[in-house]
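Protein chains: 2
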Amino acid sequence: MAGADPHHDVQPSQVRHRVVIVGAGFGGLAVARALGNSAIDVTVIDRRNHNLFQPLLYQVATAALSPADISEPIRRTLGRFRNIDVKLAEVTGVDPTAKVVKLGDGAEIGYDRLVLATGSDYNYFGHDEWRAWAPGLKTIHEARLIRQRLLLAFEKAELSQDPEEKKALLTSVIIGGGPTGVEMAGAIAELGRFMITRDFRKLEPDHLRVILIEAGPRILAAFPENLTRWARSSLEKAGVEVMTNVPVEDVRRGEIVAGGKVIRTGCVIWGAGVKASPAANWLGIEGGPASRIKVNPDLSIPELPDIYAIGDTSAAFGEDGKLLPALAQVAKQQGEYLGNALRHEILEGKKPAPFRFHNRGNTAVIGRNAAIFDFGRWTLKGRLAWLLWALIHVYLLVNFEKRLLVSIQWIWRYLTRQRGARIIDENAAAAIPSSTERTET
Amino acid sequence: MAGADPHHDVQPSQVRHRVVIVGAGFGGLAVARALGNSAIDVTVIDRRNHNLFQPLLYQVATAALSPADISEPIRRTLGRFRNIDVKLAEVTGVDPTAKVVKLGDGAEIGYDRLVLATGSDYNYFGHDEWRAWAPGLKTIHEARLIRQRLLLAFEKAELSQDPEEKKALLTSVIIGGGPTGVEMAGAIAELGRFMITRDFRKLEPDHLRVILIEAGPRILAAFPENLTRWARSSLEKAGVEVMTNVPVEDVRRGEIVAGGKVIRTGCVIWGAGVKASPAANWLGIEGGPASRIKVNPDLSIPELPDIYAIGDTSAAFGEDGKLLPALAQVAKQQGEYLGNALRHEILEGKKPAPFRFHNRGNTAVIGRNAAIFDFGRWTLKGRLAWLLWALIHVYLLVNFEKRLLVSIQWIWRYLTRQRGARIIDENAAAAIPSSTERTET
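Chains as they are written, first to last, in the UniProt record's numbering: chain A, 1 to 441; chain B, 1 to 441.
Chain A extracted, bound-state conformation (with noise of 0.2 Å):
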């Protein structure tokens, strides 16, 4: 049977509460974390073996570091609490009435407590035939394959002999004017004028663009409008165009339409429109805002009072009214609280206070030197935000390894310029066709 653990140091006499977790991002873990040595059985699900520092995957993807750098075994995480087992396993519905979790190998796990904190996924808003040509950002796998081709178009660019296909490789289009895509951007432009000088030698600094399209009428919209316009020409001094109002049509081989107008480019990436992970579908029930699930101030699901939702997966409201963003605080801050809740309530029978979301802060980085800081009462712009930024990601990652790692890294990369992970997966040289064609992976 899958509650029967003989590594557990309880008398097998005891009836112990089981909590079971399904996702294990900053919220499943939160939750997992406050729960850890309790006499509680805690199963954690997740279809990945990692927690993935998702606020640096940009990184990743444009070179400058590595997958393990942001990644950590959720075991690793999780291997010191004796009453934690961990399964790496797909979730595939969700039996209320049973109490039990279903896995995609068809076996069943039975909870007396569920919290679905399965995070979100990017809309294609009805096309998701586009994911092809224009990956989002989620996983390592996508983040390697924006790699890829990325530093793909510019090796065919400087293959071409075509002065329009060259231009046309070297132009890449960021779909989605949110912190990921400002960040993605901004990126890209350095990374790309950096390779053009040092490296290539038939390739112009003045062929690279690097294209924003927010179809809403400005970029980081959750950000006040001052940090806004300042982030604007930030973008542009590093070569970015930004297009605001524009909505996309069209996502193909090759280009894409916007705003009427065909542009070919060599690398499309997707930061638009989040919409929460199937867990309402699991359940039955009708998704909120952004398919994401509705819960009471305990972050349990209304006529579902053993399931609880949180993070990307739910939708809570702040004081204010206003529906909490989808950000790594709210989840990690949902987490610990309902980590609490449920220790003190199942152990002692104490009834929870409802969850209230502190805001830390919310930041976007727009490249060296330029990142900005929202802090509600006060605000940051500039090199004093961007070195706030950094000291802030390095000391969330996960253990002192990977934050000397990371900031050996980036201390290289500020003096030299250089990326340290600018590698085309094997047979690279396979996927390069004479025309703008790519290959999937």
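Think of the hints as simulated: they come from the structure by calculation, not from any bench. Incorrect hints may have been included.
Below, a list of computed lysine to any residue pairs in the SDA-like style, where the Cα atoms sit at most 20 Å apart [stated by the list, open to error]:
| id | chain 1 | residue 1 | chain 2 | residue 2 |
| --- | --- | --- | --- | --- |
| 1 | A | Lys-202 | B | Ile-40 |
| 2 | A | Lys-402 | B | Thr-416 |
| 3 | B | Lys-102 | A | Gln-161 |
| 4 | A | Lys-402 | B | Leu-415 |
| 5 | A | Lys-402 | B | Lys-102 |
| 6 | A | Lys-202 | B | Lys-202 |
| 7 | A | Lys-275 | A | Ala-222 |
| 8 | B | Lys-202 | A | Ile-40 |
| 9 | B | Lys-202 | A | Asp-105 |
| 10 | B | Lys-402 | A | Phe-81 |
| 11 | B | Lys-402 | A | Thr-416 |
| 12 | A | Lys-332 | A | His-344 |
Position chain B against the provided structure of chain A, taking the given hints into account.
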């Protein structure tokens, strides 16, 4: 035209000699460097964009290092030489009469002198279908594939309810007792034991089996017998079962047949037999031993005086009349020799002295505190050899950043036994069926 390059800071009227180098491994890069910033046009063609420090690739396969720690873009290495042009392309043939190299996309590159430095591949002795189940360790792609299979086998074993299947999944088989096989076996034993005791709840250390299979009478046959004996007993102490005089008869899904016995396994690695890549076929000539190309004392190919072969591609002989081994130091020395020889010959008309190999010592590492060195006149084994091995390999890395990053990771690992890169690529769970069946990527 392929030869035209507007960036070269020389008079276009001047007719310059063109040297084409195929392959940017240790040998090819050494030739290029020796010709750097000379009045000779150099074109380096490789089907990968990076040079790989192969001696540490087994550490990528066993989750100790990241690919970027041991690879460097070829453009970055050669970027400072304005006379060197780098092309990411697949060579498909050579026409020695027309003096052109043919590329995969149909383009042709003319040469005055051609250097073939295409390295070697594993030899499956006519059983190429085994490769799918038993990848070799030559590229980053293969190292990642092995890492993924190894880690996935442990995850599957944790989920399995069948004790026989658990044992099968925790059995790793390494075929070939050369340095790579020995290094892999030692590293897998260390990694496996650490993961089972620390991170997995439902696995027992005595279920772990690491089997090293060698068809010949002893492992590490290139080393003196006393070192081999010591290495074998070190491996056995680390928990590796060493089988010598055992030929492998079949490799299939989930199992191998060796010495008449079927061994069920979760991960097979091929490290037996090396053959030169198909440069001999391009030239339409007969390959020598292990399909390596016979060369004159100046490394030119008999009957084809403007074509040279170095490194694993060539069959050169030492002063003792023995075939030079397929080692990085041979390739590097031949590359340096040939680059200088070509420079002097082309620019000054000087005939080169024959190539002479200087043995810098041969080494293999078994694991923590255990390595062997053979310097010809004297040998070294144990902790001191291991320290020397580590120092030399850090020193041989391409730049200060990589030296620092690798040193930190090694020191961290030495102190904590943790390995930083235990990442299974995405959608790993989709690759978990309930049997020992495996999926290809």
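Status of each hint after checking the structure:
{"no.": "1", "hint": "Lys-202/A / Ile-40/B", "in the structure": "18 Å, holds"}
{"no.": "2", "hint": "Lys-402/A / Thr-416/B", "in the structure": "14 Å, holds"}
{"no.": "3", "hint": "Lys-102/B / Gln-161/A", "in the structure": "17 Å, holds"}
{"no.": "4", "hint": "Lys-402/A / Leu-415/B", "in the structure": "15 Å, holds"}
{"no.": "5", "hint": "Lys-402/A / Lys-102/B", "in the structure": "45 Å, violated"}
{"no.": "6", "hint": "Lys-202/A / Lys-202/B", "in the structure": "57 Å, violated"}
{"no.": "7", "hint": "Lys-275/A / Ala-222/A", "in the structure": "17 Å, holds"}
{"no.": "8", "hint": "Lys-202/B / Ile-40/A", "in the structure": "18 Å, holds"}
{"no.": "9", "hint": "Lys-202/B / Asp-105/A", "in the structure": "18 Å, holds"}
{"no.": "10", "hint": "Lys-402/B / Phe-81/A", "in the structure": "34 Å, violated"}
{"no.": "11", "hint": "Lys-402/B / Thr-416/A", "in the structure": "14 Å, holds"}
{"no.": "12", "hint": "Lys-332/A / His-344/A", "in the structure": "18 Å, holds"}
When each numbered hint is compared with the structure, violations occur for hints 5, 6, 10.
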